[in-house]
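Listed here are the chains, written in short residue letters.
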Amino acid sequence: GESVGLHLPTLSVQEGDNSIINCAYSNSASDYFIWYKQESGKGPQFIIDIRSNMDKRQGQRVTVLLNKTVKHLSLQIAATQPGDSAVYFCAETPSNTGKLIFGQGTTLQVKP
Amino acid sequence: GAVVSQHPSRVICKSGTSVKIECRSLDFQATTMFWYRQFPKQSLMLMATSNEGSKATYEQGVEKDKFLINHASLTLSTLTVTSAHPEDSSFYICSARTGSSYNEQFFGPGTRLTVL
Chain G
1 GESVGLHLPT
11 LSVQEGDNSI
21 INCAYSNSAS
31 DYFIWYKQES
41 GKGPQFIIDI
51 RSNMDKRQGQ
61 RVTVLLNKTV
71 KHLSLQIAAT
81 QPGDSAVYFC
91 AETPSNTGKL
101 IFGQGTTLQV
111 KP
Chain H
1001 GAVVSQHPSR
1011 VICKSGTSVK
1021 IECRSLDFQA
1031 TTMFWYRQFP
1041 KQSLMLMATS
1051 NEGSKATYEQ
1061 GVEKDKFLIN
1071 HASLTLSTLT
1081 VTSAHPEDSS
1091 FYICSARTGS
1101 SYNEQFFGPG
1111 TRLTVL
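One line per chain: the protein sequences are G and H, in this order. If you count by this note's numbering, then the first sequence holds residues 1 to 112, one letter each, in order. If you count by this note's numbering, then the second sequence holds residues 1001 to 1116, one letter each, in order.
Just so you know, these hints were derived from the structure itself, not from any lab.
A few chain H residues facing chain G, derived, Cβ under 10 Å:
| no. | residue |
| --- | --- |
| 1 | ARG1097 |
| 2 | GLU1104 |
| 3 | PHE1106 |
| 4 | GLY1108 |
| 5 | PRO1109 |
The beta carbon of each residue, even a glycine, is placed where N, CA and C say it ideally should be.
So that you can see chain G by itself, here it is in the shape it has in the complex (with noise of 0.2 Å):
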């Protein structure tokens, strides 16, 4: 179903140091799963996607792992820096939708 938040949950971390986002997702028919950054005032920006046929995808410095039997995503970012500050979502598409069902969003804060 539709995901609403009426909170982001904040993830605070040391410049440097990883971070580890975590995303529920709600369907069990979703093949299809992506992470966007969303800065202040813009649109989302996709950052790395994955399939349902694959439990793990890296990218420049993220890694995306996807654990089906729980329904579990999460993003994980490599020496964070403070440009990587934002709000991160979780998307899911309903096999055959074509549709994005975004997940609540979690605000990531790096400390200099």
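Use these hints to put chain H onto chain G, whose structure you have.
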């Protein structure tokens, strides 16, 4: 490539007026466009899906007569908020999808609507 623009970026209007927001795919043809609404400190909520040349499909709870969507060409979709009220104040974001990639959506920068 795959750039989506929105116009205006922000708009302030009086209660009862109508506001039109444009979403354009600048360097590709968008067979499908999506409209989302985002309230402060909340997630993006899909409002409707529009396919070029056909009527939009609205999500449950979204009033189609209040949020008019037109997708007249492969590069332009418009959202008109009719008789806007303060509770319609929100961040409206569009995205576009090409015909070649079923899942990937490219997002616009959003439009901040404030209704006084």
